[in-house]
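J.: Residues per chain are reported as follows:
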Amino acid sequence: MAIKNKILRENITSYIFLGPFLIIFLVFLAYPIFYSLIISMHKVSWSTDLYKVFSDMKFVWFRNYVRLFDDSRFWWSLIVTAYYAVLTIPLSVFLGLLLAILLNNKLPGVSFFRSAYFLPSVLDVLVVGIIWSLIYSPHFGILPKILNSLGIKTFTETGVLANSRTALPGVALAMVLRGAGFGMILFLAAIQNIPVSVYEAADIDGANPWQKLIYITIPLVKPIIFFLVIMGTIASLNAFTEIYAMTQGGPYVVEFMGGIQGATRVSGYYLFEKWDTMQYGYAAAVSYVLLFITLVISLVNAKIMRNKK
Amino acid sequence: MDVKKARERLRGILLITALIIGAVIMLFPFFWMIFVALKEPGHGFKLDFVFAKPLWNNFVAVWKNTAFPFSKFFRNSLFVATSGAFLTALFCSMGAYVFAKKNFVLKEVIFWMMLSTLMIPGMMFMVPQFAIVTKLGWINTYRGMIIPHVANVFGLFLLRQHMETIPDSLLNSAQIDGASEWQIYKNIIVPLSMPVITTVFLLTFLFQWTNFLWQLVVNTPDSMKLTLPVGLALFRGQYSTEWTLLMAASAFSIIPIAVLFIFAQRFFIEGLTAGAVKE
Amino acid sequence: MAEVILNDIAKIYDGSVVGCKDINLSIKDKEFCVLVGPSGCGKSTTLRVIAGLEDITSGTLKIGDRVVNEVASKDRDIAMVFQNYALYPHMKVWDNLAFGLKLRKYPAEEIKKRVTETARILEIEHLLDRRPKALSGGQRQRVALGRAIVRKPKVFLFDEPLSNLDAKLRVQMRVEIKKLHARLQITSIYVTHDQVEAMTMGDRIVVMKDGYIQQVDDPIKIYENPSSKFVAGFIGSPSMNFINVKISTNSSGEYFTVSEKAGGFKINLAKKGFAFLTPFNSREMILGVRPENITDRIYSDIKEAENIVAASVEAEEPMGSENYIHLKTQGSSEIVMKTDGANRVKPGDRLELLFNTEKIHFFDPKTEKRIYGD
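Residue numbers (our numbering), protein chains in the order written: chain A, 5 to 313; chain B, 186 to 464; chain C, 3 to 376.
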């Protein structure tokens with residue numbers, strides 16, 4: 005009798021403590037995943053009172069998904085997102101590793117540099133984006149000015165972000181320079197976990213610094229590399245603020261699948277645009293398809309990790 | 186002997202030079218921001234050294250701006266970030282406590298549910314969360330801005346991981362002494378978890394302060410409760426070419442976080458590495 | 003020929019911190035030489051200097067016939083076994099063994115041959131596919147040994163390889179390493195802080211303290227003829243007893259009287275056998291006597307009442323075959339006596355002890371050096 009009471013009490017206590025968190029979690033994290041599916045099967049009707057709009061939506065089955073299939077802009081946004089991922093992930097992993105190797109020295113002031121490199125990664129993406137817009141801007145931005153004096157005049161007229169070829173790389177560069185510090189901290193922790201004697205054994209076995217890097221350091225930081233790749237993939241799918249700040253999806257000059265596309269219109273931004281134009285049903289459908297894609301990627305990642313063992 | 190020493194010194198000098206160049210490149214945007222923010226309006230583009238008179242003029246103008254009152258934005262951001270961080274730290278630590286130290290029905294199920302939401306990019310939640318918030322009538326309210334993100338699964342896991350290391354014997358002896366659950370939580374669990382709770386607080390503060398998308402979504406442009414990033418975005422819509430003012434406005438968002446970081450960086454670094462290493 | 007010759011080797015850190023100094027050592031080809039001493043005595047520093055992991059501040063180092071001061075570790079034809087094994091954690095055992103050979107671009111056939119042969123010698127063939135995580139301490143140790151053997155170097159260096167193993171395994175591995183040495187006949191330099199290891203394994207041992215060599219000799223010779231109080235106390239367990247005494251001449255002038263301070267025992271030694279004490283007449287000295295060279299008068303044949311050391315029992319440590327008895331003399335010196343396990347005592351018992359005067363040592367209290375005869 006006492007034990008049954010005890011178990012009951014423990015359950016009650018647990019749920020009381022967990023309650024606030026659980027309620028918010030269920031309402032705002034768990035439920036939305038299903039609710040999103042429901043919304044995606046509706047369409048916004050024209051009676052648009054902001055506060056009533058969701059109750060007034062019309063049920064349209066899978067029409068939104070059908071529309072999605074034909075939407076060249078959606079498919080294009082996937083391509084841009086993939087391109088963005090390819091631009092940002094290898095570069096930030098490489099930069100993070102490079103900085104960690106440089107900082108793994110007992111020089112004085114190393115911790116100052118470590119803070120300096122890590123600082124940008126905690127700062128506002130929006131602000132970073134706006135500052136880089138200034139740096140990249142035509143005629144007056146500092147970067148075109150520097151390139152100009154080096155003889156590269158392509159950017160003086162248009163700036164970096166209005167040039168369809170360099171717009172996305174420009175955004176990517178700004179974000180990589182901002183975020184490399186995060187990877188650096190992780191790599192640094194991992195490298196400092198490797199015992200010095202392993203490197204000494206390699207010295208005696210005959211390895212030169214380059215071989216030590218390839219055969220010892222890199223294999224031992226593989227888990228971090230994996231983690232950063234996954235983080236980077238999610239970040240690319242989430243990319244919005246930087247686009248909003250720097251290019252607003254443009255420049256709109258690329259031709260694809262019969263439509264004019266934005267050179268930096270990543271899926272996250274495309275999703276936002278649909279929301280911004282109150283196409284909530286369609287936006288929900290887009291986010292559901294993106295969710296599906298994310299799951300597939302995560303599963304593939306998990307498979308790869310399990311195989312490499 | 187000297188050759189080796191000399192080579193080492195050279196290597197050291199090259200290394201420091203590389204590091205300095207790296208730091209300059211990475212921190213350049215922020216110096217540029219401050220540089221432009223200090224200049225006379227209209228000279229934002231020019232590479233001259235014509236500064237505003239008085240030097241802080243742009244900052245004052247932005248702060249007192251009637252259409253885009255950054256003083257208000259700042260206060261809003263502060264309120265949202267602080268209360269969000271506080272609520273998150275509180276609820277996450279309460280939840281972490283039961284996951285670490287108690288057993289209850291559906292524990293595994295709930296745990297698995299929370300774990301799976303970690304893999305989902307935030308963007309996916311935008312539409313449904315917006316729908317829910319609209320239905321609740323929370324648009325343009327502090328409730329709508331703060332509460333949806335209080336259930337931070339990462340924070341809960343971080344705290345749980347730490348709390349598991351608190352010896353059960355401490356809790357048992359408190360029970361024998363007659364302490365209630367809440368007293369155990371308040372007097373033992375919380376003090377012993379302070380470093381991690383602080384980390385969660387700071388990380389949430391940082392997240393709420395820099396959160397742009399959600400604050401943009403949940404507020405209408407005429408809202409009285411705009412936070413700094415949103416205010417800045419709207420400000421840019423209006424003053425798009427006044428770079429000096431724009432940079433001054435940006436600084437309001439950046440500088441507090443930079444200061445916070447410099448004083449509390451240990452927590453940021455430990456928090457983020459702990460989370461990643463666990464993966 | 004794989005001799006290792008250290009000539010006036012010194013390693014000084016930051017201009018003043020002595021890692022090791024005045025190291026003069028000629029290690030013969032195929033010799034198993036042990037560097038032993040307490041932490042901080044410079045033994046690991048010396049080993050690392052030989053390995054090339056530390057730069058030489060001054061002096062010359064020769065391996066074989068080559069001066070190798072400026073030669074990189076990998077070109078010195080040496081192999082090293084580390085205290086924490088230093089296995090490559092992400093590589094399988096096979097790859098750990100093969101790594102050094104692969105770097106030197108040995109042909110695949112040769113690598114396979116050497117790795118399998120080494121694995122066979124060390125009985126780790128069944129572990130070749132595993133990663134270090136999945137191995138026990140002893141198994142990792144063997145892999146570390148294997149990595150060194152597979153290279154067939156001129157010199158083996160061991161840096162306290164058994165310190166991380168439990169006691170039983172340590173004893174077992176000691177024997178294995180000695181057997182390996184006998185089989186492979188490669189010059190070996192072994193560092194340890196455990197004097198038992200040093201005594202049982204070394205052809206010669208080098209006792210070090212504070213960066214300097216104290217004594218180099220065959221283990222038994224060092225045991226019987228330590229050159230300083232430090233060496234005498236470090237080698238041998240339980241360690242040698244040290245008692246503060248004063249030397250005087252007796253009335254007849256035929257004997258030296260060794261008296262314990264504060265009114266303790268008095269021992270007379272014939273001047274003939276102890277002529278070297280002459281310069282130390284009327285001086286204070288340190289008397290050293292090993293526990294096994296102290297006997298209870300009851301068990302001896304000597305019936306005289308001469309040279310008796312009176313002491314009372316404080317505690318005993320019965321070990322089974324032996325009993326270590328802790329006593330306090332009348333002059334309040336604390337000593338340990340080693341006797342047969344069957345001889346049991348109780349605290350408070352009064353015993354009359356005899357020191358074996360042929361096996362006592364004297365040390366200068368200021369220099370702590372041993373005072374010898376010829």
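Heads up, some of the hints might be wrong.
As the list claims (entries may be wrong) - As a list, the in silico SDA-like pairs of lysine to any residue whose alpha-carbon atoms are at most 20 Å apart: (1) B:K190 <-> C:M321; (2) C:K76 <-> A:T17; (3) C:K361 <-> C:S253; (4) C:K181 <-> C:R206; (5) C:K170 <-> C:A74; (6) C:K94 <-> A:I16; (7) B:K286 <-> A:K149; (8) B:K371 <-> A:I16; (9) A:K149 <-> B:K190; (10) C:K94 <-> A:Y219; (11) C:K135 <-> A:V200; (12) B:K190 <-> C:A74; (13) C:K104 <-> A:P223; (14) C:K94 <-> A:Y203.
Don't read these hints as lab results, they were simulated from the structure.
J.: State for each hint whether it applies.
T.: Hints and how they fare:
The hinted pair formed by B:K190 and C:M321 fails the criterion: a straight-line CA distance of about 56 Å is larger than 20 Å. This hinted pair does not check out: C:K76 and A:T17 have alpha carbons roughly 64 Å apart, beyond 20 Å. Taking the CA atoms of C:K361 and C:S253, the gap is near 25 Å; set against the 20 Å cutoff, the hint is violated. Restraint check for C:K181 and C:R206: satisfied, since their Cα atoms lie roughly 17 Å apart, inside the 20 Å limit.
With a CA separation close to 37 Å, the supplied pair C:K170 and C:A74 exceeds the 20 Å bound. In summary, the hint linking C:K94 to A:I16 is not supported, as the alpha carbons are separated by about 51 Å, beyond the 20 Å threshold. A distance of roughly 61 Å separates the Cα atoms of B:K286 and A:K149; the hinted pair therefore is violated under the 20 Å criterion. Of the supplied pair hints, the one linking B:K371 and A:I16 holds, its CA atoms being roughly 18 Å apart against a limit of 20 Å.
Only pairs whose Cα atoms come within 20 Å are accepted, and A:K149 paired with B:K190 is rejected, the gap being roughly 42 Å. The hinted pair formed by C:K94 and A:Y219 meets the criterion: a straight-line CA distance of about 13 Å does not exceed 20 Å. Taking the CA atoms of C:K135 and A:V200, the gap is about 18 Å. The hint holds against a cut of 20 Å. Proposed proximity of B:K190 and C:A74 is supported: the alpha carbons are some 15 Å apart, at most 20 Å.
The hinted pair formed by C:K104 and A:P223 meets the criterion: a straight-line CA distance of about 17 Å does not exceed 20 Å. As the CA atoms of C:K94 and A:Y203 are separated by approximately 17 Å, the hinted pair is consistent with the 20 Å bound.
Violated hints, listed in ascending order, are 1, 2, 3, 5, 6, 7 and 9; each of the other numbered hints is respected by the structure.
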